Structures are given as structure tokens and as C-alpha cells.
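S.K.: For reference, the chains in residue letters:
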Amino acid sequence: MSEPSALSPQPSALGSYLRVVGALALKDLRLESRRRETVAGVLVFVLLVLGLFQFALDFERAEARRLVPGVLWITLLFAGLLALGRAFAAERDQGTLDGLLLAPIDRSALYLAKVLATVVMMSAVEAVALPVFAGVFDAPLLAPGVLLTVFLGTLGFAAAGTLFAALAAQTRARDVLLPLLLLPLLVPLLIGAARATDDLLAGAATPVSAPWWELLAGLCALFLGASVLLFDALLEE
Amino acid sequence: MTGATANPLAKLRGRELAAEGAAAVPRPAPSVVEARGLVKFYGATAALRGCDLRLDAGERLALVGPNGAGKTTLLKLLATLVRPSAGRLMLLGVDALRQPAAVRGRLGVVAHDTYLYRDLTAAENLKLYGRLYGVDRLDERVAAGLATIGLGGLGGRRVGTLSRGQQQRLALARALLHEPALLLLDEPDTGLDEAGQGLLAAIVRERAPAVVLATHALERALALADRVAILSGGRIAYSAPTADLTLADLRATYRGVASADA
Amino acid sequence: MSSILTREPIAAPAGRDARRFSAGFGKQDRVLNVLFVLTVVAMLAALYAIFVYAPTERVMGHVQRIFYVHVSLAWLSYLAFLVVFVASIVYLWRRDERWDAAARASAEIGVVFTTLFIISGSLWGRPVWGTWWTWDARLTTTAILWFIYVAYLMLRAYVPDMPRAARYAAVLGIVGFVDVPIIHMSVVWWRTLHPEPTVARLDSSPLLPPEMLATLVVASVAFGLLYVTLMIVRVRLERARDEVRYLQQALSLRGE
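Chains as they are written, first to last, in my numbering: chain W, 1 to 237; chain L, 1001 to 1262; chain X, 2001 to 2256.
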């Protein structure tokens, strides 16, 4: 078989892998910028849930401070579930997933690209939601410590969520299955993120009561690592 | 299998034919496709019940068969999209079951789905896949690809705004961008007008080193391919070179095979 | 044409040679019978140990005796899920459906044990602390575990198609178990922030009187034997199901 002339020489395996991840992530972000479904919808959802919490819990200014971390993180969790639901469902519906599976790429690159795109989209939502929450609750949610916590939490969520979203997208009742699979596994993430936010809002520069940031970082590493290894098994038919 | 035999159905199943043919005519190795005993279950139902297939470089094979015969499943297996439940598959000299990723870069696939993103432009779609396939001099090739399929000026149009026929052509261009060694086409005529079909014929005849083409239309099968195989009930029931067949022959055989398995 | 059951698969995503599994007559049954008898004997011994042999605890009285069952169930739950983890890994590596059968079986038994653990914890907590539920570190961690493995079972229910279901479940089985230590850490740290009444702390009572320790051992062994017996029965049932599927596939291969 003669050497295929169309293919470029592969200078470095890692380089080309990252290029593939980049191309796929850019594709998702480009699609989002054209369709504008996910970010806008999730953002409105976040603001709506904020209102719902206020109506349901009916907290006053004094209590608000104590409840902010919980309200924030539960809201972000459910918003994230919505965003994840779109990630693979759209590919499946449009029939483009097979096109990606046919390509000579490592399937973990597809996973990482989706994680990256999800993190970017969630961050776009958080960029608007956090200031709103900060204003409504009169809480310093834009402090660097809080932003770091939100980033770590989002990354961990996306890492675990993308794996299970890929799984759920191939089953019936995918909307029910995704939260069932994901939420128990994310309990440590919720605990770490909410408690860290709590400490930070109380005025500390870093979380004091436990090494929550390390926990969050550890979770991110765990989920990313496990998913990169296991993702292929989810997509083979 | 020569056309002289009165009743091709007297020959048992496809694999016996293939084995016979293989024994009779010495072929150069390695082949492009070598499949033995491909079986695919979905749950407890067998979509493919044991297919043998052999394709050499430069050969064009047409798969015909009624709906549900397993054409799409077989093509998906050859594309390494789906793993067989049993059997072996060698593609381009590589064990496609152990190392599917090694061979994917040399396959071009046109399927029922176009694999095109509706909200990306034609050029963006091609560039994306070009990057995934590691295509060199990408911009150049994308432009050339668009020109070949007659969408030269439409690179900037979103795929969703293109007609079905144009999308199908773009799907062809996508499949050819990385100059594959094996083209797998599932009903590639879908949506194509006269000109499009001519384009497809030209591509099948000239651009691809080896082709497996699934189609309903027996005329197209005869026109485009060197060999035709009738797939029925998950098995290859009949296989013959097209040079020896007339359309009437093929129709009769097809009807016979299809009713035998009904 | 040879049947798929006897054909040597070269790429074998399906389980190997289902015929090697026996439906349970002859030699296999002896093992099961012996185990069954041993389990019954051990359970009776445990009952005796718990109610007669073990001394009554000073503070909590007879209610404390549930501790032996409660803690045994905890260990066995973790063991069951460890088995799910290992079986899942081996299944993904070897694609042999027998390992998946083991994972399925152990997950189910594990969920049952975990449910009983939670209920026994609740029953214990009520007379001692006055509440049906306390967010004690171990109870909470195990409750989360319960959710993970119930999700495992639901996943299998939502995806009836084998071997897809096996692969998906294996991924969950692996990720779920690896998450366990982290869940435990986070819950323990969380509980140190706002301590709640603890239901059972083997670690906090550093020296159990030898009689209590002996009782605990007997109870654990009894439940361990129960687990093994249930596993064998369950795995056989799962393999019988698999065998039905293989036979249906063989029939489908021969033609309709």
C-alpha cells in the first residue's frame, strides 16, 4: 500500500493529540456560539433557581450568609446537569458522533474536548451568575478564593459528568439516569466546594477547616484520569 | 462463479462460494478486506449470520439486498464502528479487531447520516475532519475537495442551508479528503441528482483504490461495481462479477434469493 | 454450519464457552450444600454469641447487641463492592461475561447488605439517641454508597442489551469504588466540623473486651459465609440467564 500522501508527518504524539482536543473543543464552542442554546438556557435556569430557593426557603438577610454556599452549589450542580445533557445528546441526535468515532483519533481526546468545552460554557454562565448571586446575597463571591473554588468544582463536575453523560446518552431515559449516576459520586465535590466557599465567605483567604482545595483538586485528577482510561469502553459498539 | 450455471441458488451459502473462488484464482496478498464468519448480534437477534468477504485493491464491490438484510451492519463492521460478535476481520493488512484505530485513518465512509454539523460551514466541516485525520496542506485540499464536488463557491455556507443533494456531495468530499485506501458507501445515491450521480460514478471509478458500496438499485450496482454480492437474512447468498451479469439475470437471482429467505 | 457456542472466537467480546458453566447438578452441588450447612451453623453460632455469650454493654444495654450485626454488615457491604470493583476491571480487560455475572451478583447482594446496615443503624440509633437518622460519618458514607450501587442496578435495568450493559456497569463499578475513599474522607472531615451523635465507632473504642471481639468475629464470619453462599447461587442464576441468551443467539444464527 503506497504511502498516503494526504497525511502530514506527525511531529509529536502529544502535540497532535492536543491539537485534536483543541480542534474538537473549538468545534463545540463554535457550534454553541452559533446556536446559542446551552449557555443562555442554563444561565436563565440558574437565575430562576436562585429565585425558587428564595421563595422556598424564605430566608432573611441574617440567615442568607449561612445558606449562600449551599444555594450556590446546588444551583450550579443542577445547572451543570442541564448543560451536560446537551453535550452528547446533540451529537447523537444529529448523527455526528459516528463521524467522530470513525476518525483515527484517540477517543479520550473526544472526552477531554467535551470536558474543556463544558468547562468553558459553564464558566460563561458563572461569569454572569456569580455577580448576580453576590449582589442578591451581598456576599463577596468574586473573591479570588471563591473563584478558584468555583473553577475547581466546575472542572471536577465536568470531568465526572462528561463520562457519565456519554454513557447516559446511549441509553433510554437518559435524563433520569444521568443525575442518578452522577450525583452520589459528586457528594465529595459538593461537600468540598460548599464548605470551602463557606470558609472563604466568612473572611478567610483560604479554606481553614479542612484541606478542601486539595480534595477538589484530587477529585478532578481522579475523574479525569479514570475517564481517560475508561472512555473508550463506553463508546465501542 | 460463472454466469453459465442455471440456478445460482443451487450453490449453498456465500462462504462456500468465496472459498471456491479463492482457491481457483490465485490472488496477490495482502487484500484490502478479508472477513471471515462475521456475526453480529443485537441482543438475541443476529443481524449478520456469518459473512465472508474478500476485496482486493482496485476492486469495487456492490452489496445489494432487501431492507433488514444487514447491509448497513456489515458496512459498519467494515468501518470499525461496530465490533462483530464473532468472526475475524483484516483491513488493509491490519487485524481490525485488535487494532481498529490503526486502520481508521485509511477508511472513508459515507453513511446514512452525513456526519456534517449543520451549524458549521462546509469549509469548517471539512477543515475539522481534515484536522482529525491529520491531512496535510489543509486549506488547499479543502478548496480542492469543494471544487471537485461542485461546491466551489459554497465553502462559506452553513451546511444546514445546503440542499440534501449538496450535503450528500459534501459528505462524499469529507470521505475523500484524506485519500482513503478503502471507501465504504451506504446508499451514496441518496439525494443526488443526475449530475451528482455522475460525480459519484466518477469517484468510484477513479478516486478510490477499493470500494464497498451498498445500494438498493441493481442498475447502479452493475454500473459502478466489478462484483456484486446479494446479502439476505444476514448472509451473503450470492456473489458474482458484474461483467458476467445482465440486469435481468441479477433481478431474477435477487428475487429468488430474497424470497428464499423471506 | 457450526454453532456460535462451539466456534472458537478470535475476537471474543462475548463470553467464552458458555457450556463450561454447569446449571448445578453433580459435583458443583456438593460445594453449595456444604457451604449452606456451614452458613446455617455459623449463623446459629453467631446468634448464640450475640444474645447469650456477649456481655451486656453498660451504657446502652441490650440494644447494643445490634452492633455485631451492624458492623458485620458494614464490612460485608464493602467487601461486596470491592468484588464488584475487581470483577469490573477484569471484565473490561478480558471481556469474559462470567466476571460480569460476578459483578452483577455482588452488586445486588451488596445493596441488600447495605440496606440492612442502614436500617440496623437506624434501629440502633432510635433508642440510644432518640432519632431514626443521624448524619454519622459511617452511616452517611454508606448511604452514599447505597445510592451508587442502586444506580448500578438501575443502569443495568435501563440498558438490557448485553454486552453494552456490562461495559457501562463496569465503568460505574470502577469509578464508584475508587470514589469511596474520597467520599469517606470528605464526610469525615465534614462531620468533624459539626459533630453529630455517632452510632458505632469501632475505632473510638480502642479496646473491646475479648468476649465482644470474639462475638464480632463470629458474626462477621457467619455473614461472610452467607455472602459466599448467596454469591454462588446468584452467579449461577446470572449465568443461566446468559446461557438462555446464548441459546437464543444460536437459534437466531441458524435462521428464522
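Keep in mind that the hints were calculated from the coordinates and are not lab data. There could be a bad hint or two in this list.
[Unchecked claim] Label pairs and their computed distance ranges (CB to CB):
id: 1; chain 1: W; residue 1: Val120; chain 2: X; residue 2: Pro2209; range: 42 to 50 Å
id: 2; chain 1: X; residue 1: Arg2030; chain 2: L; residue 2: Ala1102; range: 30 to 38 Å
id: 3; chain 1: X; residue 1: Trp2133; chain 2: W; residue 2: Ala205; range: 44 to 52 Å
id: 4; chain 1: X; residue 1: Met2060; chain 2: W; residue 2: Gly225; range: 25 to 33 Å
id: 5; chain 1: X; residue 1: Val2031; chain 2: W; residue 2: Glu236; range: 47 to 55 Å
id: 6; chain 1: L; residue 1: Pro1241; chain 2: W; residue 2: Gly225; range: 34 to 42 Å
id: 7; chain 1: L; residue 1: Asp1226; chain 2: W; residue 2: Glu237; range: 28 to 36 Å
id: 8; chain 1: W; residue 1: Glu60; chain 2: X; residue 2: Trp2093; range: 41 to 49 Å
id: 9; chain 1: W; residue 1: Leu18; chain 2: X; residue 2: Thr2131; range: 23 to 31 Å
id: 10; chain 1: W; residue 1: Val136; chain 2: L; residue 2: Ala1102; range: 50 to 58 Å
id: 11; chain 1: X; residue 1: Val2059; chain 2: W; residue 2: Pro144; range: 46 to 54 Å
Nothing here was measured: the structure is a model prediction, and the numbers come from that model. Heads up, the beta-carbon is just placed ideally off N, CA and C, and yes, glycines get one too.
S.K.: In ascending order, which of the hints set out earlier in this document are inconsistent with the structure?
M.R.: 1, 2, 3, 4, 5, 6, 8 and 9
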